[in-house]
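Number of protein chains: 4
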Amino acid sequence: MIVVMRRNAPEQDIQHMIKQVESLGLKPTVLRGTERTVIAAIGDERNAPAGILESGPSVDEVLPVLAPYKIASLETKAEPTVVRAGSLTVGGGRLGVIAGPCSVESEEQIVASAHAIKKSGATALRGGAFKPRTSPYSFQGLKEEGLKLLATARAETGLAVVTEVVAAEDIDVVSEYADVLQVGARNMQNYRLLEACGRTHRPVLLKRGPSATIEELLLAAEYILDAGNQQVMLCERGIRTFEAHTRFTLPLATVPYLHAKTHLPVVVDPSHGTGHTPLVAAMARAAIAAGADGIIVEVHPNPEKALSDGYQSMTFPQFDDMMTGCRKVAAAMDMQI
Amino acid sequence: MIVVMRRNAPEQDIQHMIKQVESLGLKPTVLRGTERTVIAAIGDERNAPAGILESGPSVDEVLPVLAPYKIASLETKAEPTVVRAGSLTVGGGRLGVIAGPCSVESEEQIVASAHAIKKSGATALRGGAFKPRTSPYSFQGLKEEGLKLLATARAETGLAVVTEVVAAEDIDVVSEYADVLQVGARNMQNYRLLEACGRTHRPVLLKRGPSATIEELLLAAEYILDAGNQQVMLCERGIRTFEAHTRFTLPLATVPYLHAKTHLPVVVDPSHGTGHTPLVAAMARAAIAAGADGIIVEVHPNPEKALSDGYQSMTFPQFDDMMTGCRKVAAAMDMQI
Amino acid sequence: MIVVMRRNAPEQDIQHMIKQVESLGLKPTVLRGTERTVIAAIGDERNAPAGILESGPSVDEVLPVLAPYKIASLETKAEPTVVRAGSLTVGGGRLGVIAGPCSVESEEQIVASAHAIKKSGATALRGGAFKPRTSPYSFQGLKEEGLKLLATARAETGLAVVTEVVAAEDIDVVSEYADVLQVGARNMQNYRLLEACGRTHRPVLLKRGPSATIEELLLAAEYILDAGNQQVMLCERGIRTFEAHTRFTLPLATVPYLHAKTHLPVVVDPSHGTGHTPLVAAMARAAIAAGADGIIVEVHPNPEKALSDGYQSMTFPQFDDMMTGCRKVAAAMDMQI
Amino acid sequence: MIVVMRRNAPEQDIQHMIKQVESLGLKPTVLRGTERTVIAAIGDERNAPAGILESGPSVDEVLPVLAPYKIASLETKAEPTVVRAGSLTVGGGRLGVIAGPCSVESEEQIVASAHAIKKSGATALRGGAFKPRTSPYSFQGLKEEGLKLLATARAETGLAVVTEVVAAEDIDVVSEYADVLQVGARNMQNYRLLEACGRTHRPVLLKRGPSATIEELLLAAEYILDAGNQQVMLCERGIRTFEAHTRFTLPLATVPYLHAKTHLPVVVDPSHGTGHTPLVAAMARAAIAAGADGIIVEVHPNPEKALSDGYQSMTFPQFDDMMTGCRKVAAAMDMQI
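Residue numbers (the numbering used here), protein chains in the order written: chain A, 1 to 337; chain B, 1 to 337; chain C, 1 to 337; chain D, 1 to 337.
Just so you know, these hints were derived from the structure itself, not from any lab.
Keep in mind that a hint or two might mislead.
[Unchecked claim] In silico PhoX-like pairs for lysine-lysine, Cα to Cα no more than 25 Å straight-line:
#: 1; chain 1: A; residue 1: K27; chain 2: B; residue 2: K305
#: 2; chain 1: B; residue 1: K328; chain 2: D; residue 2: K328
#: 3; chain 1: B; residue 1: K305; chain 2: A; residue 2: K19
[Said to hold, decoys possible] Some chain C residues near chain D, calculated using beta-carbon distances under 10 Å:
#: 4; residue: V62
#: 5; residue: K143
#: 6; residue: E144
#: 7; residue: E216
#: 8; residue: L307
Heads up, the beta-carbon is just placed ideally off N, CA and C, and yes, glycines get one too.
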């Protein structure tokens, strides 16, 4: 860490901070500049909360040097992680295409969706059984019954099943039916849930919270990795900004940035990332061109009758069109679907 | 709801949308303008997900008219809710002052803090026992042991205890020791937790998530209210914006805005809302002048040694100074502490 | 416009608002719902400032129905506008590739840049002569001397020249040398400058301000169009959000969204949009896959010696690599460079 | 500056960067940590663009240490600057209260406004003659005629006149009539205009752009200061965030933060900062409690008939009520109006 002292900081404050740095197990080097004194603290600062130094006397700011995550870091493991779950492979040059309705609503709906997306080229089925909803008055999902219907759809099509888990106490039942556990954006910092996911043998799709920094996303992944599960996919699904013409702002620079920082594969969700069906196909193609390892898209037999997220769901023909464009861009990127 | 059709929408699409509106139990009125046709859908739109209409043919946008929350609304209950928990009263002209360390660290620390803040005028003690931390490598709290220490501090000072609960499964143990259950910003949309809080008899301090809209905050409160617990305080603690000189941006207009929409009292957290000790006192005064019903502030015997949040914690003398200023502003606002 | 009255609005306030709507030349229709009364105001609301109705008694909110821009709207002109300036064509299936240094620094620098980018496939040369700089202590550009050097580079390579104009009083001199006038993000709402650009015969590249909504961008374009110049390109160059790992957040959904609203072509700037050279190529490809009509990229013979924006400039070989990838994605999109 | 090298950066890259630091006139100190090497660059880094170092080989990031502004810095001048213009004094314990309509519309309107606000306690009159408007179809102001009406209102009431200047070419005519030149948010980075303001003898009220950082605001002030004019007031008027229930988010922590960084006085605009009349009074009081040196508020004889900003303008009685509350809070803060 770099401790920047205020101009004219008294010598006793500088000496105090030198001792503080030492007490954290770091080695201080004092640099006296023309205007300010700076104390460089050398060592593994991840064990030393930056906040402690910040509250010291005459301290102007504290600049961290090392990233706080370890296991997720490309500096720890240089080869890209490839996540595999049945029909789904994400990473290592293979593009995962996860599609399906927001919520599982009926056997007919989920099985028809599975057949349609498979025909168009999807490699896994998504569908929510436990639904976290903004309003208590909205449809909350079919729960275990929904999980069973997902298993039926998998039996009929062979597609791996990706579904959300919203609480640590549901991990067992969800793991029984799902191939991949999805941690939703609202739960990205639900640490009890992350730890529980870390103790399972199921791959995890971890969605970025809409106001989470990349560092916070990687630290959330670190909870899962640290608990023993290395099969983690990161998912960019859009952030909250001042833009109101889309439901969220989808920042695709996340993709190359994460690839430069972590070995974990990166999936993009253009459905939540835009919140409007007419924008989804363009952003799916853009995600692939930006280097994404996978996409996750909402598809519904009849979006006008969907019990959730109809405004951002594609019909089967729309998804089929989208896949035609995506295949071309994937080929241009030398990615295999 | 107001369904705005695209210019030149074909008559069959307009007729289709009229039927859709009817199928939601709403009464359609068609307004044919010079450029566009608009369909007003009259009735209780809260049972009718707006998204369904949005995905209809030739629909440009759908504008909701009614707020989606009910029990929290000032239109449902016109008198301000007053929350009471032992020494703490929030609302109805009484200013709650909740202070204490970020984390409970030891008996000595928490008891000394309780005595100091009480002497300076605080009306409740805060302190975290279960700590949600961004990094798995940070101090995670003393858990039940911390709760016991909070109870000790209450026994010594008479101050009500406010502490965070991070999972539904911990509600019972936390309720046993705490006077007020705090739901943290990261858990504002942890619906399983909100429902569990709704089934207790403890007042709840619900913190706004850093990217939550006011409507989302009120809908989160609605989960608690709908489950049967009417003693809910809303807490503004800062939002994520592009500003980097503060850890979060503290938008105090939340206070008068919420007072115009809901009967629930509003508390402001200037410690998390700024993230820097030197800014806390000014923002505490500003919160009171904006009409807040309470403030919650981090105070620590020695912020340089704090196990968490030292950079935004006040020392005892700093807090005492702050309270001198706050008392003057509270008097100017005719608020009693 | 739709005027939503507060619940229990007294009849006299409703009558007052009906008269207000009429006084704006709009036709009111009163819709009395179960909870609220809504007054729909039919007619061309663009002549009627929404704010006036908002300040009426018992008015809860006013929802606009029509977009406030006219000439830029796809509803006004359905065929895409194609912008042509010498070697540069943007729109109508032709991808414009504008490249070059942030600032013109010397004849050698700009001529070498022009040759290099042309060889790699660029279709126009960018370079700043009048530089708006955040700090008064930064390099401010070579001014007219820089314009002359750009003309020299054009003479040597045949590439059209795109350069920024920062004040209405400079329009004549810049127009004398430039093929395209660029209006920078900081000047997107400099209306005196926009009007002056509207009176020239040069095409204009209008950059989105970092906190401008799409509607504000289109209204800025409207100033130029309304003054008589129809050759306008819109440029997405990133917005200010809470993200700090990139200098700006580049929201590519702008591209398909604008294509659904306006006939003007859309250019993307991945250099400013990310602020870091290693992210530029991926975002250039993503922009093309999202449907952009052009890209504008910073290239410098030696970014380490650049007088401005070195951190986001590509070297010649980096740009050449980028173009290899971009050509493949453009082909996948059936776009010609 | 602190140059952080990537892990395993080759020695030749470290040596390269050492030379680069030297070539910028800075003194390098190499700190070899357990994981990374860091090069501290000692000296006045304000002459050395950080971007140049960022594009060096194996450089991970470059952390600036010194603030880039000089004249505005509290480190340059420790005593608070007091701005005086006729009846208006801002700073040094004196609270400036600037009020009046958004636009000057008629002699009757502006004179009536001046009398009313003076009676309620305002110390200066605001009113726009040159209006920058988002849409070309909106009212653009009375121009010089408006300036003359402002002078009439001053003659009648003795109130100093604050009015906006939108282009360098208008400085002379605006300075002829105005006591204070306002630079609007859209023009905060119109450097030609800032320099022109710096060459006048009129105090300047510089508004923060809605996406400007505090550093950018201070650098904009630096343009004025550097050109010779020391009478500069900074104005916080709200930033663009994801919040939609207010037109902008008003971050009052700006006030104490600026007081810790600069000697320039700080004015707050709760009218633009909220965009809704019912929120203005609370935020005016909060601004004073946060330590603001002045407030600027929109007041109109009849907001429902205002040609601009009616939705955020107060009536005369609303302003009078607001001042009653503001006087109490100012007294609690030991501020004189």
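Practice task
Using 10 Å as the Cβ threshold, decide whether C/L307 counts as touching chain D.
Solution key: Interface hint status for C/L307: holds (8 Å vs cutoff 10 Å).
Practice task
With a cut-off of 10 Å on the beta carbons, see whether C/V62 makes it to chain D.
Solution key: holds (8 Å)
Problem - Distance restraint between A/K27 and B/K305, which requires alpha-carbon spacing of 25 Å or less - result: Given that 25 Å is the threshold and the Cα spacing comes to 18 Å, the pair holds.
Practice task
Tell me if C/E144 is really an interface residue toward chain D, meaning its C-beta lies closer than 10 Å to one of theirs.
Solution key: violated (15 Å)
Practice task
Go through the hint on C/E216 and say holds or violated, using the shortest Cβ distance to chain D against 10 Å.
Solution key: Holds - the Cβ of C/E216 comes within 10 Å of chain D, reaching about 6 Å at its closest.
Problem - Proposed interface contact between C/K143 and chain D, which counts if any beta carbon pair is under 10 Å - result: violated (12 Å)
Practice task
For the pair supplied as a hint, B/K328 and D/K328, confirm whether the alpha-carbon distance does not exceed 25 Å.
Solution key: holds (10 Å)
Exercise for the section: Decide if the proposed pair is consistent with the structure: B/K305 and A/K19, CA atoms, cutoff 25 Å inclusive. Expected result: holds (13 Å)
Checked against the numbered hints above, the structure violates hints 5 and 6; every other hint is satisfied.
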